[in-house]
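> Okay, here's what each chain looks like letter by letter:
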Amino acid sequence: MDYELSNLRALEAESIHIIREVAAEFERPALLFSGGKDSVVMLHLAVKAFAPCRLPFPVMHIDTGENFPEVIDFRDRAVEALGARLIVASVQASIDAGRVAEETGPNATRNRLQTTTLLDAIEEHRFNAVFGGARRDEEKARAKERVYSFRDEFGQWDPKNQRPELWSLYNGRHNPGEHMRVFPLSNWTELDIWQYVADEGIELPSIYYAHRREVFRRDGMLLSVGPFTTMTDTEESFELTVRYRTVGDASCTGAVESSAATVADVIEEVAATRITERGATRADDRRSEAAMEDRKREGYF
Amino acid sequence: MEMLRLATAGSVDDGKSTLIGRLLYDSKAIFEDQLESVERTSRDRGDEYTNLALLTDGLRAEREQGITIDVAYRYFATPRRKFIIADTPGHIQYTRNMVTGASTADLALVLVDARNGIVEQSRRHAFIASLLRIPHLVLCVNKMDLVDYDQGVFESIKDEFRQFATKLDVTDLSFIPISALNGDNVVNRSDNMPWYEGASLLHHLEEVFIASDRNLIDARFPVQYVLRPQSGAHLDYRGYAGTMAGGVLKPGDEVVALPSGFATTIERIDGPDGPVREAFAPMSVAITLSDEIDISRGDMICRPHNQPSAGQDIDAMVCWMSEQASLSPNAKYTIKHTTRSARALVKGLQYRLDVNTLHRDHDATGLALNEIGRVSLRTTAPLFFDDYRRNRTTGSFILIDESANTTVAAGMILGPSQ
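Going down the list, the protein sequences come from chains A and B. Residue 38 in the working numbering sits at position 38 of the first sequence; the count goes up by one each step and never skips. Residue 1063 in the working numbering sits at position 63 of the second sequence; the count goes up by one each step and never skips.
Just so you know, not all the hints are guaranteed correct.
The calculated lysine to any residue pairs, modelled on SDA-like cross-linking and capped at a C-alpha distance of 25 Å, are [said to hold, decoys possible]:
id: 1; chain 1: B; residue 1: 1167; chain 2: B; residue 2: 1208
id: 2; chain 1: B; residue 1: 1250; chain 2: B; residue 2: 1292
id: 3; chain 1: B; residue 1: 1028; chain 2: A; residue 2: 272
id: 4; chain 1: B; residue 1: 1028; chain 2: A; residue 2: 199
id: 5; chain 1: A; residue 1: 160; chain 2: B; residue 2: 1403
id: 6; chain 1: B; residue 1: 1158; chain 2: B; residue 2: 1207
id: 7; chain 1: B; residue 1: 1250; chain 2: A; residue 2: 8
id: 8; chain 1: A; residue 1: 160; chain 2: B; residue 2: 1045
id: 9; chain 1: A; residue 1: 160; chain 2: B; residue 2: 1290
id: 10; chain 1: B; residue 1: 1028; chain 2: A; residue 2: 274
id: 11; chain 1: B; residue 1: 1028; chain 2: B; residue 2: 1191
id: 12; chain 1: A; residue 1: 48; chain 2: B; residue 2: 1231
id: 13; chain 1: A; residue 1: 160; chain 2: B; residue 2: 1324
id: 14; chain 1: B; residue 1: 1347; chain 2: B; residue 2: 1322
id: 15; chain 1: B; residue 1: 1332; chain 2: A; residue 2: 178
id: 16; chain 1: B; residue 1: 1332; chain 2: B; residue 2: 1370
id: 17; chain 1: B; residue 1: 1158; chain 2: B; residue 2: 1198
id: 18; chain 1: B; residue 1: 1347; chain 2: B; residue 2: 1405
id: 19; chain 1: A; residue 1: 160; chain 2: B; residue 2: 1369
id: 20; chain 1: B; residue 1: 1250; chain 2: B; residue 2: 1265
id: 21; chain 1: B; residue 1: 1347; chain 2: B; residue 2: 1366
id: 22; chain 1: B; residue 1: 1028; chain 2: A; residue 2: 273
id: 23; chain 1: B; residue 1: 1028; chain 2: A; residue 2: 220
id: 24; chain 1: B; residue 1: 1332; chain 2: B; residue 2: 1298
id: 25; chain 1: B; residue 1: 1332; chain 2: A; residue 2: 175
id: 26; chain 1: A; residue 1: 48; chain 2: B; residue 2: 1237
id: 27; chain 1: B; residue 1: 1028; chain 2: A; residue 2: 198
id: 28; chain 1: B; residue 1: 1250; chain 2: A; residue 2: 175
id: 29; chain 1: A; residue 1: 160; chain 2: B; residue 2: 1092
id: 30; chain 1: B; residue 1: 1028; chain 2: A; residue 2: 8
id: 31; chain 1: B; residue 1: 1347; chain 2: B; residue 2: 1365
Derived list of chain B stretches under chain A, where covered just means 3 residues or more per stretch with a C-beta under 8 Å from a C-beta of chain A [said to hold, decoys possible]:
id: 32; region: 1025 to 1038
id: 33; region: 1077 to 1084
id: 34; region: 1093 to 1102
id: 35; region: 1210 to 1220
id: 36; region: 1332 to 1345
id: 37; region: 1397 to 1408
Read the hints as simulated data drawn from the structure, not as lab findings. Keep in mind the model is a prediction, meaning the values are calculated, not measured. A virtual CB, placed ideally from N, CA and C, is assigned to each residue, including glycine.
Construct the complete structure from the given sequences, taking the supplied hints into account.
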């Protein structure tokens, strides 16, 4: 025995340590679950962290109402299989209640509206720690965020005033009304996620693999033709073999042309790609150089 | 594939960002859209060259001011290893960021400009690396192209640094002459320096032997969480979950639980995929014991004949990390050590250390932001600890301000108070 842990097993151990630490120190944690690959892996790790006990916290989905149907199906099956408690917080309900107003125009998305729904749900359920599946390699603002990311009573992130985070000693202290976002996958990369999915035989929504789809091109992105996108007069749709590298709203998540139909194909593709996953596929990040930082300051994921 | 965590410190002038940019670029960890975005921003700002620092300076304030404020984590992989870079600003006002990045690092990369040789900043970086017990230190002598790839320049910097390093606790020290800008000795061996017979930087990072850095002797298992199923088929199960902090534990091993001191044996150990035959750091496992004894979070499982120190009086080096208040004798804080929290009283400050000269100021009355000193603490509950030099997990702690809830100090335990 050489007493070495592989990269993936070291990452797995670190994530489990973080998840257990939160369960031990916080009264009311919740795990954000979108059905995207990162949250699927995070949920898988959480189940391992507490086996043979059941998950000691609920799973929460911020539902924009503009999801890919394959993802919602997957979400319901995955949560039921675990016997976990699912809380769905609905952006539509926030709109109906007049908490937020829908964007208009062809680029309208409910992406930003999710923040209000998320913060309202955290307040309603009095969650004081919320697990998110964000990774530091995804985006440059996230590269600077702590594993335990403090949010004030308005849910805001203050990037200039973050707590130093040393060794594996996490400081979760907060006052009532404040909360912590916790990112157990901080040190994972896109490739790590896929290799782990392969190793563990984890099931993901089918849209992560190559399939035929009616799409149109906007801003260099391939958007799906469907109820949540509006094509302009100059845009034309066509059928293409695509897959999704990230899964967000159907309104702002682009597909990539790909023939990768299996996990092994995807790993090969991800290892060779020259474009970041969010850069290729997320209109929400393209709004400005600091789009992610600005949204995170407001309380976004 | 193994994982190596490295910490870099330095300012733009050292060519640190260029070096990291090159490592990332040559290992294909920089993507086209990231590069385009950096090129666009550089152009908009009127920079004459593509400023690779923009790759890591992710925050609006950092890009506006052209400085690195915080630790940025960067990831790249070669077929041999996955690397996590903790990239920290080098100026003295960011010592706390350096300490943070260094706390988890296996290897420290210190950069010097071949034209300037060893300067105050290089000594400080090396000192922090040794204080935080980073096992491997690499001194990269950069900008060799600007001194005509002269071996003499490299050798004299090397000699001077070696001399200084004798004052530090550095176990493995390497020197590599490079030009980050031209790529000499970064990924491939350079033809410009045939006199250099060592490995390129990337090759060194891939090959440096880190497996023996872990403590495999002193078995330490801080209990993190107790698993007790409330229903179903596992009603009798009681697992103590946690992360191995040192040594090796196996089913059948005789162990004691602290603070109770009760002895028992390990029945089984479950890893993330079920039972394992051995557990070692940094595995996250759940241990079941042969006897029902009272154990809860914050307790420590270890071997009967190899126990950590247990006590409430501790001497430690601390780095002060708060802008608001300073550390002063008689102040009280929350201390977090392994999975145990208690309150701590600062009984005394023995000295403040000048991180540039290593001079000890015994007349100091407090520690301000970024200052490092030796303190004596008294805690409300006993802690189970080792010398930080022996175990970075059971030897480290943080102090938390009880009203602001912020992390105000990082501590490295020297031992029980004399």
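> Determine for every hint whether it applies to the structure shown.
Do the hints match the structure? See the list:
no.	hint	verdict
1	1167(B) to 1208(B)	23 Å, holds
2	1250(B) to 1292(B)	18 Å, holds
3	1028(B) to 272(A)	9 Å, holds
4	1028(B) to 199(A)	24 Å, holds
5	160(A) to 1403(B)	20 Å, holds
6	1158(B) to 1207(B)	21 Å, holds
7	1250(B) to 8(A)	22 Å, holds
8	160(A) to 1045(B)	23 Å, holds
9	160(A) to 1290(B)	50 Å, violated
10	1028(B) to 274(A)	8 Å, holds
11	1028(B) to 1191(B)	23 Å, holds
12	48(A) to 1231(B)	17 Å, holds
13	160(A) to 1324(B)	14 Å, holds
14	1347(B) to 1322(B)	19 Å, holds
15	1332(B) to 178(A)	23 Å, holds
16	1332(B) to 1370(B)	19 Å, holds
17	1158(B) to 1198(B)	14 Å, holds
18	1347(B) to 1405(B)	21 Å, holds
19	160(A) to 1369(B)	16 Å, holds
20	1250(B) to 1265(B)	10 Å, holds
21	1347(B) to 1366(B)	12 Å, holds
22	1028(B) to 273(A)	9 Å, holds
23	1028(B) to 220(A)	22 Å, holds
24	1332(B) to 1298(B)	20 Å, holds
25	1332(B) to 175(A)	19 Å, holds
26	48(A) to 1237(B)	15 Å, holds
27	1028(B) to 198(A)	22 Å, holds
28	1250(B) to 175(A)	41 Å, violated
29	160(A) to 1092(B)	18 Å, holds
30	1028(B) to 8(A)	20 Å, holds
31	1347(B) to 1365(B)	12 Å, holds
32	1025 to 1038	holds (count 6)
33	1077 to 1084	holds (count 4)
34	1093 to 1102	holds (count 4)
35	1210 to 1220	holds (count 3)
36	1332 to 1345	holds (count 4)
37	1397 to 1408	holds (count 6)
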